[in-house]
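Asker: Chain residues, written in single-letter form:
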Amino acid sequence: MFRNQYDTDVTTWSPAGRLFQVEYAMEAVKQGSAAIGLRSKTHIVLGCVNKANSELSSHQKKIFKVDDHIGVAIAGLTADGRVLSRYMRNECINYGFTYESPLPVGRLVVQLADKAQVCTQRSWKRPYGVGLLVAGLDESGAHLYYNCPSGNYFEYQAFAIGSRSQAAKTYLERRFENFADSSRDDLVKDALMAIRETLQGETLKSSICTVAVVGVGEPFHILDQETVQQIIDAFEIVGEQEGPAAEPDAAAGQGAAAADQGGSTDEGVAPMDI
Amino acid sequence: MTKQQANWSPYDNNGGSCVAIAGADYCVIAADTRMSTGYNILTREYSKICKLADKCVMASSGFQADVKALQKQLAARHLIYQHQHNKQMSCPAMAQLLSNTLYYKRFFPYYSFNVLGGLDNEGKGCVFTYDAVGSYEKVGYSSQGSGSTLITPFLDNQLKSPSPLLLPVQDAVTPLVEAEAIDLIKTVFASASERDIYTGDKLEIVVVNADGIRREYMELRKD
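Protein chains in written order, with our numbering: chain A, 1 to 274; chain B, 1001 to 1223.
Accuracy of the hints is not assured; some may be wrong.
[Unchecked claim] Pair ranges (Cβ atoms, derived): (1) Asp-114(A) x Val-1133(B): 39 to 47 Å; (2) Lys-51(A) x Glu-1045(B): 22 to 30 Å; (3) Asn-94(A) x Arg-1044(B): 29 to 37 Å; (4) Asp-114(A) x Pro-1010(B): 32 to 40 Å.
[Unchecked claim] Derived EDC-like pairs (lysine to aspartate or glutamate); straight-line CA-CA distance at most 16 Å: (5) Lys-1202(B) x Asp-1223(B); (6) Lys-1072(B) x Glu-100(A); (7) Lys-1068(B) x Glu-155(A).
[Stated by the list, open to error] Sample of chain A residues lacking proximity to chain B, with all beta carbon distances greater than 12 Å (derived): (8) Asn-4; (9) Asp-7; (10) Thr-11; (11) Lys-41; (12) Glu-55; (13) Gln-60; (14) Asp-67; (15) Asp-68; (16) Asn-94; (17) Trp-124; (18) His-143; (19) Phe-154; (20) Asp-181; (21) Glu-202.
Everything labelled a hint here was simulated from the structure, so no lab data went into it.
Built from N, CA and C at the ideal position, the CB exists for glycine as well.
When you get a sec, could you build the whole thing from the sequences and use the hints?
Answerer: Rendered as C-alpha cells:
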C-alpha cells in the first residue's frame, strides 16, 4: 500500500470507494504476532505466539478471559485489544446481572463490531488497530468469530491472524473438515501445530506460545506452561531443549523454577496489564 | 392541611437470624431458613447464606429482596476484581467492599443486616459484622437478625474475649475447635427458635476452612 491523497482522514472516501485508514488499521493487525483459533462442535481452542520485545521484558498478554464461556485472542495493537477486552468483560457482567444467564457470543460480537464501526465514521476517532478471535459457547454449541477493525465480523471453523498467519491458515485449511468431530486434546494438538507453522523453523516451546481452551463443561481457561510443554513433547520428534542457561527468558520462569508459572500466572508482571 | 404521608413502605422484614463464629483456622456461618412476612411464613426453605468468594461467605437477614440485590452487586464486583487481579478477593477485602457498597446507598439503604465470615490471607478465621449502612467491625463472633437479641448475650457468655482496646492485643478468635463451635451454633439456634417466632424450620451451617467450604443442616422447631 502506498500513501495517497485520500488516506489522511478516516472519513474520506477514495475514488475507488475505499477507506484507506480502515485498511491501514487492518494492516496493523497483519503486523501483530500470530493468533489462531479452531473449533469442534463442543470445544474451541485459542493459541497465540508470545513475542517479547527483548530478553529482559515480559511478553504481551494476547489471550483474555471474558467470561466463563467466552475468551478472546488478539493480534495488532495490544493496547486496543486490552481496552476492548475490558469492554467485553463489562458487557458480559452486566448481561449476567440483568438476565442471570450468560451473554450469547453472537450478541457480543455484534456489539463489538458496531463499536468498531463507530470509529470508522467519526472524524475525531481512529479505527481500533486490533483483530479479535472471539471464542464462545452458547446454546447452539461452540463458535469462533473474527472481528476486524473495519467493523465486520465472520464466523469460522478455524482461522489465523497476524504475522505469518498464512502458514497457519494453510495448515488449518488442510485439516479443518476433521475439526468438528475432533476430541478436545486433538484440537489442542492441532492448535499447537498451527502455531508451529507460523514460527517458520523456530522451535516450538511452551514459553513462546499461549494456549487457551473453552468447551462444554469446561470454563475458559489458559493452559499452564507445563501442560502445554507436555503436549508439545508428545508430538515433537526432537525433544525440547530447555537448556540450563540457554534462555534468560525473564517472563517464562522455565527450567529450574518449576513453580508452575503458567501463561495465566505471568500476570505477576503487572505493568503490561490493567 | 397536614403533610401527606406515604401509605406504603418500600421495605419489608423477612425475619430470620444469622450467626458467625471465627476460629483459629476455620469460620462457621449459620442462618435459619425461614422466610416470613408479618405473621405469615413465605417459605421454610430459603437460604440466607451466600458464597461471595472462595474463602468468604456472607449471611444476611432483613429484607431479602435487598439482600438478593446486594449479593448480585457483590458478585459482579468480584468478577471485575478477578479479571483485574487474576485472583479471588480475600475476606478483609470483601469486607471493605461490602461496607462501601452499603454506604453507597446511605440515603436509601439496603435493608440488610449482614455478617461476613471467612478466612483471612493467613488462613485464620475472621468475622465482620455490619449495620444497614456499612458501619463494620472485625470481631470474633456476631449475630444479626430477629433472634440476635436472644443469641448475642449467650455468645457473649460463652465466647467473649477481652476488649481489643486493651494491651497487649488479644486474639478475638475463639479457642474452640470447629466441632465445638458448630455445637454451640446448634444450641444457640435451638434456643432462639423457642422464643423468636421468626426463627425456625431449618438451620443451615456453612463451615469455611483450609479444605474448602462445606454445608450442614439441622432441623429446628417449625412453629
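Asker: Determine for every hint whether it applies to the structure shown.
Answerer: Against the structure, the hints come out as follows:
At about 40 Å, the beta-carbon gap between Asp-114(A) and Val-1133(B) stays in the expected band of 39 to 47 Å. Separation of Lys-51(A) from Glu-1045(B) is about 56 Å and departs from the stated range, judged on CB atoms against 22 to 30 Å. For the pair Asn-94(A) and Arg-1044(B), the beta carbons lie near 34 Å from each other, so the given range of 29 to 37 Å is met. Between Asp-114(A) and Pro-1010(B) the Cβ separation comes to about 37 Å, which falls inside the hinted range of 32 to 40 Å.
For the hint linking Lys-1202(B) to Asp-1223(B), the alpha-carbon distance of about 11 Å falls within 16 Å, and the restraint holds. A C-alpha spacing of about 9 Å is found between Lys-1072(B) and Glu-100(A), which places the hinted pair at or below 16 Å, so the restraint holds. For the hint linking Lys-1068(B) to Glu-155(A), the alpha-carbon distance of about 38 Å lies beyond 16 Å, and the restraint is violated. Residue-level check passed: Asn-4(A) sits 42 Å from the nearest beta carbon of chain B, beyond 12 Å.
With a least CB separation of 37 Å from chain B, Asp-7(A) remains clear of the 12 Å interface cut-off, as annotated. With a closest Cβ-Cβ approach of about 34 Å to chain B, Thr-11(A) is found to remain outside the 12 Å limit, as its non-interface label requires. For Lys-41(A), the requirement that its beta carbon stay farther than 12 Å from each beta carbon of chain B is met, with the minimum near 28 Å. With a closest Cβ-Cβ approach of about 24 Å to chain B, Glu-55(A) is found to remain outside the 12 Å limit, as its non-interface label requires.
No beta-carbon of chain B is positioned within 12 Å of the beta-carbon of Gln-60(A); the least distance is around 16 Å. In this structure Asp-67(A) is not separated from chain B by more than 12 Å, as the shortest Cβ-Cβ distance comes to only about 8 Å. Not every beta carbon of chain B lies more than 12 Å from that of Asp-68(A), the smallest distance being close to 10 Å; the non-interface claim is violated. Its closest Cβ contact with chain B, about 8 Å, brings Asn-94(A) to no more than 12 Å, contrary to its assignment away from the interface.
Annotated as non-interface, Trp-124(A) keeps its C-beta farther than 12 Å from every C-beta of chain B; the closest such distance is 29 Å. Residue placement check: His-143(A) keeps its beta carbon more than 12 Å from all beta carbons of chain B (closest about 21 Å). No Cβ of chain B approaches the Cβ of Phe-154(A) within 12 Å, the least distance being about 27 Å, so the stated non-interface status holds. Residue-level check passed: Asp-181(A) sits 33 Å from the nearest beta carbon of chain B, beyond 12 Å.
The beta carbon of Glu-202(A) is kept farther than 12 Å from every beta carbon of chain B, the shortest such distance being approximately 29 Å.
Violation of the numbered hints given earlier is confined to hints 2, 7, 14, 15, 16; the remaining hints are satisfied by the structure.
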